[in-house]
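S.K.: Here is how the chains run, residue by residue.
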Amino acid sequence: MFEKLLNMNRQIVFILVVLAVIIPMLLNIRLPLAVSEPTQKLYDYIDELPSESTIMIAFDYGPSSFAEPEPMAEAVMKHCFDKGIKVVGLTLDPEAVTLADNVMQKIAEEKGAINGIDYVLLGYREGPIQVILGMGVEIASVFESDYTGTPLSDIPMMADITNYDQIDLLLDLAAGTSIDAWITFANTKYGLKIGAGVTGVIVSEMYPYLQTGQLVGLLSGFLGAAEYEKLIDTPGKGIAGINTVSFVHLLVVGLVVLGNIAFFIQQRKEQG
Amino acid sequence: MKRQVPLILCFLFGVVMILTEFSPHAASQSVYNEIVNWTLIVWPFATVLAVATLVQTHWARIQRRSEHWQYSYVVFAGIIVMAAIGVPFGMKHPAFEWLFNNVQVPMGATMFSLLAFFIASAAFRAFRARNTEATLLLVTALIVMMGNVPVGDLVWNEVMAWSPWSDKVSEARQWILDNPNLSARRGIILGISLGGISQSIRIILGIERSYLSGGDA
Amino acid sequence: MIKTTQWVAICLVLCLSVGTAFSQGEPVAPSNVTAVDTPNDDGSSITIKWDAAAEDTGISGYQILRRIADGELEPIGDLLPAGTTAYVDSAIEGGTAYTYVVRAVSETDATVDSEQTPAVEGTGEWFHTGKTAIFIVMLLFSAAIVWNIYDARSGKDIFVRRIPGLEAVDEAIGRATEMGRSILYVLGLGGVSGAATIAGMTILGQVARRTADYETALRVPCNDPIVLNVVREMVKTAYLDEGRPDAYNEDNIFFLTESQFAYAAGVDGMIIREKPAAIFLQGTFYAESLILAETGNSVGAIQIAGTTSESQLPFFIAACDYTLIGEELFAATAYLSKDPMFLGSIRGQDWGKLLIFAALILGVLLELSGINWITTLLQRVS
Amino acid sequence: MEVFGIWIAAFLTLCIYSFLYRDNPFYRFAEHLFVGMTVGYGIARSIHQGFIPLAWTPLWAAIIGESPAGYFKLIPICIGLLFFARLSSRHSWLVSYPIAILIGFGSGAMIPNAFQAYIFEQTRGTIEPFGSIHAGTLSGWEIFEAVLMIVGVVCTLTYFFFSAEHRGPVKWISKVGIAFLMIGFGSAFGNTVMGRVALLIQRVDFLINDWIGSISALF
Numbered sequence: 001m002f003e004k005l006l007n008m009n010r011q012i013v014f015i016l017v018v019l020a021v022i023i024p025m026l027l028n029i030r031l032p033l034a035v036s037e038p039t040q041k042l043y044d045y046i047d048e049l050p051s052e053s054t055i056m057i058a059f060d061y062g063p064s065s066f067a068e069p070e071p072m073a074e075a076v077m078k079h080c081f082d083k084g085i086k087v088v089g090l091t092l093d094p095e096a097v098t099l100a101d102n103v104m105q106k107i108a109e110e111k112g113a114i115n116g117i118d119y120v121l122l123g124y125r126e127g128p129i130q131v132i133l134g135m136g137v138e139i140a141s142v143f144e145s146d147y148t149g150t151p152l153s154d155i156p157m158m159a160d161i162t163n164y165d166q167i168d169l170l171l172d173l174a175a176g177t178s179i180d181a182w183i184t185f186a187n188t189k190y191g192l193k194i195g196a197g198v199t200g201v202i203v204s205e206m207y208p209y210l211q212t213g214q215l216v217g218l219l220s221g222f223l224g225a226a227e228y229e230k231l232i233d234t235p236g237k238g239i240a241g242i243n244t245v246s247f248v249h250l251l252v253v254g255l256v257v258l259g260n261i262a263f264f265i266q267q268r269k270e271q272g
Numbered sequence: 001m002k003r004q005v006p007l008i009l010c011f012l013f014g015v016v017m018i019l020t021e022f023s024p025h026a027a028s029q030s031v032y033n034e035i036v037n038w039t040l041i042v043w044p045f046a047t048v049l050a051v052a053t054l055v056q057t058h059w060a061r062i063q064r065r066s067e068h069w070q071y072s073y074v075v076f077a078g079i080i081v082m083a084a085i086g087v088p089f090g091m092k093h094p095a096f097e098w099l100f101n102n103v104q105v106p107m108g109a110t111m112f113s114l115l116a117f118f119i120a121s122a123a124f125r126a127f128r129a130r131n132t133e134a135t136l137l138l139v140t141a142l143i144v145m146m147g148n149v150p151v152g153d154l155v156w157n158e159v160m161a162w163s164p165w166s167d168k169v170s171e172a173r174q175w176i177l178d179n180p181n182l183s184a185r186r187g188i189i190l191g192i193s194l195g196g197i198s199q200s201i202r203i204i205l206g207i208e209r210s211y212l213s214g215g216d217a
Numbered sequence: 001m002i003k004t005t006q007w008v009a010i011c012l013v014l015c016l017s018v019g020t021a022f023s024q025g026e027p028v029a030p031s032n033v034t035a036v037d038t039p040n041d042d043g044s045s046i047t048i049k050w051d052a053a054a055e056d057t058g059i060s061g062y063q064i065l066r067r068i069a070d071g072e073l074e075p076i077g078d079l080l081p082a083g084t085t086a087y088v089d090s091a092i093e094g095g096t097a098y099t100y101v102v103r104a105v106s107e108t109d110a111t112v113d114s115e116q117t118p119a120v121e122g123t124g125e126w127f128h129t130g131k132t133a134i135f136i137v138m139l140l141f142s143a144a145i146v147w148n149i150y151d152a153r154s155g156k157d158i159f160v161r162r163i164p165g166l167e168a169v170d171e172a173i174g175r176a177t178e179m180g181r182s183i184l185y186v187l188g189l190g191g192v193s194g195a196a197t198i199a200g201m202t203i204l205g206q207v208a209r210r211t212a213d214y215e216t217a218l219r220v221p222c223n224d225p226i227v228l229n230v231v232r233e234m235v236k237t238a239y240l241d242e243g244r245p246d247a248y249n250e251d252n253i254f255f256l257t258e259s260q261f262a263y264a265a266g267v268d269g270m271i272i273r274e275k276p277a278a279i280f281l282q283g284t285f286y287a288e289s290l291i292l293a294e295t296g297n298s299v300g301a302i303q304i305a306g307t308t309s310e311s312q313l314p315f316f317i318a319a320c321d322y323t324l325i326g327e328e329l330f331a332a333t334a335y336l337s338k339d340p341m342f343l344g345s346i347r348g349q350d351w352g353k354l355l356i357f358a359a360l361i362l363g364v365l366l367e368l369s370g371i372n373w374i375t376t377l378l379q380r381v382s
Numbered sequence: 001m002e003v004f005g006i007w008i009a010a011f012l013t014l015c016i017y018s019f020l021y022r023d024n025p026f027y028r029f030a031e032h033l034f035v036g037m038t039v040g041y042g043i044a045r046s047i048h049q050g051f052i053p054l055a056w057t058p059l060w061a062a063i064i065g066e067s068p069a070g071y072f073k074l075i076p077i078c079i080g081l082l083f084f085a086r087l088s089s090r091h092s093w094l095v096s097y098p099i100a101i102l103i104g105f106g107s108g109a110m111i112p113n114a115f116q117a118y119i120f121e122q123t124r125g126t127i128e129p130f131g132s133i134h135a136g137t138l139s140g141w142e143i144f145e146a147v148l149m150i151v152g153v154v155c156t157l158t159y160f161f162f163s164a165e166h167r168g169p170v171k172w173i174s175k176v177g178i179a180f181l182m183i184g185f186g187s188a189f190g191n192t193v194m195g196r197v198a199l200l201i202q203r204v205d206f207l208i209n210d211w212i213g214s215i216s217a218l219f
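Residue numbers (our numbering), protein chains in the order written: chain A, 1 to 272; chain B, 1 to 217; chain C, 1 to 382; chain D, 1 to 219.
To be clear, the hints were calculated from the coordinates, so they are not data collected in a lab. Hints should not be assumed to be uniformly reliable.
Said to hold, decoys possible - For the chain D half of the interface with chain C, some residues (derived, Cβ under 7 Å), not all of them:
| # | residue |
| --- | --- |
| 1 | 20 |
| 2 | 61 |
| 3 | 189 |
What the hints assert, rightly or not - Which chain D residues stay away from chain C? Per the calculated CB distances, all over 10 Å, these:
| # | residue |
| --- | --- |
| 4 | 52 |
| 5 | 119 |
| 6 | 192 |
To be verified - Label pairs and their computed distance ranges (CB to CB):
| # | chain 1 | residue 1 | chain 2 | residue 2 | range |
| --- | --- | --- | --- | --- | --- |
| 7 | A | 138 | C | 371 | 46 to 54 Å |
| 8 | C | 171 | A | 41 | 52 to 60 Å |
| 9 | C | 371 | A | 208 | 22 to 30 Å |
| 10 | C | 153 | D | 142 | 14 to 22 Å |
| 11 | C | 215 | D | 92 | 23 to 31 Å |
| 12 | D | 92 | C | 139 | 35 to 43 Å |
| 13 | A | 112 | D | 142 | 48 to 56 Å |
| 14 | A | 63 | C | 150 | 48 to 56 Å |
| 15 | A | 26 | D | 113 | 47 to 55 Å |
| 16 | A | 257 | D | 92 | 52 to 60 Å |
| 17 | A | 34 | B | 164 | 19 to 27 Å |
| 18 | B | 55 | D | 67 | 35 to 43 Å |
Where is the CB? At the ideal position from N, CA and C, for every residue including glycine.
All chains, full assembly: derive it from the sequences and hints.
M.R.: Set out below in structure tokens:
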């Protein structure tokens, strides 16, 4: 029996992985979840903004890594639209534009937000640093029109927005190092408040910024998205994601532990 | 001509690359940029030749009717469809983009996602406490995995309730990643750099020339 | 007595003028303004520096003004925040002289200009003085490598420690021959300019010498078109050197595709259909490492991996029988060929390690006593 | 067209997953299609993002007399053409010219960068915390971490000593080095699981929501 377990066919492991992914997805099992401080801080900051404020979301992730940042975008936008906060979207990654467009439209439709009044997607322009610096002077000097080609002057919600002075927060959703540029060029130079939502892989690189207060808050991977969803009380892809990820982790840990128990018993037998 | 010229070319290009790195002058920077540009221009020619060998291989398979020869036609179909649209009409052509987004990207993403399965099967098979080293590997992997997800915290606290280490797994994870892990990586990086540099020195000075057709290695 | 009155008068005037300056919001002119050619650059910038005004002098910022040769004085760049003491003007052209004025702007938009700087031109430097340390260390290390190679060639015996993965090379080839199956050699995704790929190719040359004798098929799917060219030539020569040109089959070394995951899909297909008895994974690898290694493991092949991609090492360690870790990849050729050139070079690398140890110890001792010139020396410069 | 695209993508996704069971015609089909299409893509890319902008555009500018510097591009074009010498058995040795250039280029570019970005940077990073010990800004635990770091680096690097026999103290130091390596590998492995599962979730999400979603949208 132990021998069988030790030499278990790998296809059985594969099936277990599939089950660990699909079952939590379909059954919506919820694991207990506590909200960590960086997430709470970001939530509090947005929650305390008066309605009619404006936040900017930078969608700095590509098609190969949208699983973690996208739920964050959804949760934050739901929160904003509920509170009457306007959202300006943009991206520094050429491949992210369609992703950003899809997610903005989806949440807007759900919350009845109107393009041009409650939200706008500026799109993508080349040269990340030039874009960040240029918008500090005048957003229209970088994005003369939005993603659909409408001139900014024809967009009602942009009427009162010239530069970062009218933006209450920039949320950078990133799978790479774009946060560094936002902090150096928008926060340090123009004093724009910055929050971040990043994939699990680069979270630890963000802690120093959090300590120095250069980030007002931080969402880390599926966990951050799940915590935010809990705070706004609308479970979504984040909670589903963290559940799935948790089950796979438990599965791998369980398999390794089981394998080792079997291995020990087997060795005992051989020695005995 | 056969032996000396390549060695001289290799030396020249190597030395120029080194020197331009130390010289911020506009003239040397433009030399640097020009050379980088040249190496990129050489590429398409090699690609044409490489594709020719691929076509040859598959053509031979079809001719010889070797096992699974029918699939070689699929390879040809793939090459022809992408090249026939992409070469004359450019990469922004809607049909080219459609094929890229609906055929190439999903297959790439799926191959990438196979890792979720393989990482589980590799962990199950390899993480056995056979000796001290394997045990260290296994234990740190488990701690990091537990520290990565909230439910890991909970399970850890239950299991470790008797010990002084309960309630600490996320911190332990972070500490391991920032300390012993970082120092091991530093050691590896330093070693690799020394090895890579000494190989480069041998090549530039023409001491190692095995890449020139394997002769006196 | 007269002196004292004079002093009092001067002080009074000064106080008054400062006072009026305050009341009118008139700032004090920036002092000690200098403009110099930025050191260690390509000659495309000039650095302007000045002393910070004392706090509470009502300054809201500085505006830099520039005069090209005999032209007009024109503002350049945005208003710099108060507290700035330097500006790099990178919008200059070589061979043109510039003069600068720093204008202090008060909160009430009153302005006062500094004196004009002498004319200055931007020139590029031929040697970056900040990189002197790197240059010297590079020369020293090169000398150490070359000296050791010549020492080894003069007939000195040089020891190389055991590398378990390499002892298995002959075993792997032998097993493939016995089973009548092929050997698969994967060089990863690196280009021909990459150090790890070159090391992988050199090891391939050694493996080819051994397979030549046994008529075991050596299959090499390539990801890089230029690597393909080099590999074909190297393997052919290896077979020639072993006197078996007849056993060389060019079709076994072929181009697959440049795309990362299509390459992984293709190699996986080969592994599962051809069931090679031995798989070598030597070179630069990315995420595909585990896809290949797990598939190789599933067909029961002996797998010997080696890479300098440190993020992929854990997966090779887990899925392969033997793994050459980092620098071991570069030492492999020395071990396999016992060629004095490689052996000497390895001893040179070890000298490099001793040098690093010395720098670490010295650096720590100096830092502990509050001297940090070693860390300054090692500081990254752009 | 969009729904059709989703169906194609879903079919190919399942074809590739079928590999997890075993080799089969579906996987073979997807694999060969994937290889072929990426090669075709590579051809288009090397022409439109390689040859045309890098070589042809500047050269044409030179031919029509706009910027004579473009004639320089004839050099790399000739170097590139040397690859075709392989097609003739008498001149195939000419291939070693471009190869020698590329290898020399890579080796030269590597040396100063490896010194600066790796050897200098990593050594500095290891020493630097000791300056803070002098300044008295580190806690006891942080001092321990700084010492542990340097011990780890020295031991790991000792493991890579090749020309000295590993016995006596060297053996023990390198054994500690191996321990550090194993801890490093274990933690890196464990830390990757999350990202890999995220990739799988993305695909399953596509299959369940986009694909099955498109079926239910039909009815």
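S.K.: Are the hints correct? Go through all of them and say.
M.R.: Each hint tested on the structure:
Restraint check, residue 20 of chain D versus chain C: the minimum CB separation of about 10 Å is more than 7 Å; hint violated. Restraint check, residue 61 of chain D versus chain C: the minimum CB separation of about 23 Å is more than 7 Å; hint violated. Taking 7 Å as the C-beta contact cut-off toward chain C, the hint placing residue 189 of chain D at the interface holds, the least distance being around 4 Å. Interface exclusion of residue 52 of chain D from chain C stands, the closest Cβ pair being 18 Å apart, more than 10 Å.
Taking the minimum C-beta to C-beta distance to chain C, about 7 Å, the non-interface status of residue 119 of chain D is violated against the 10 Å cut. The non-interface label for residue 192 of chain D is inconsistent with chain C: the shortest C-beta to C-beta separation is roughly 8 Å, within 10 Å. With their beta carbons about 49 Å apart, residue 138 of chain A and residue 371 of chain C fall inside the hinted range of 46 to 54 Å. The hinted range of 52 to 60 Å is satisfied by residue 171 of chain C and residue 41 of chain A, whose Cβ atoms lie roughly 58 Å apart.
Between residue 371 of chain C and residue 208 of chain A the CB atoms are about 27 Å apart, so this pair conforms to the stated range of 22 to 30 Å. A C-beta distance of roughly 49 Å is found between residue 153 of chain C and residue 142 of chain D, which places it outside the suggested range of 14 to 22 Å. Remark: the range hint 23 to 31 Å for residue 215 of chain C to residue 92 of chain D is upheld by a beta-carbon distance near 25 Å. Separated by about 38 Å at the C-beta atoms, residue 92 of chain D and residue 139 of chain C satisfy the suggested range of 35 to 43 Å.
Distance hint check for residue 112 of chain A and residue 142 of chain D: the Cβ-Cβ separation is about 52 Å, which falls inside the suggested range of 48 to 56 Å. The beta-carbon spacing between residue 63 of chain A and residue 150 of chain C, approximately 54 Å, falls within the hinted interval of 48 to 56 Å. Range check, residue 26 of chain A to residue 113 of chain D: Cβ separation about 50 Å, and the 47 to 55 Å hint holds. Look at residue 257 of chain A against residue 92 of chain D: about 58 Å separates their beta carbons, and that is inside 52 to 60 Å.
In this structure, residue 34 of chain A and residue 164 of chain B meet the distance hint of 19 to 27 Å, their C-beta atoms being roughly 22 Å apart. As the Cβ distance of residue 55 of chain B to residue 67 of chain D is approximately 37 Å, the hint placing it in 35 to 43 Å holds.
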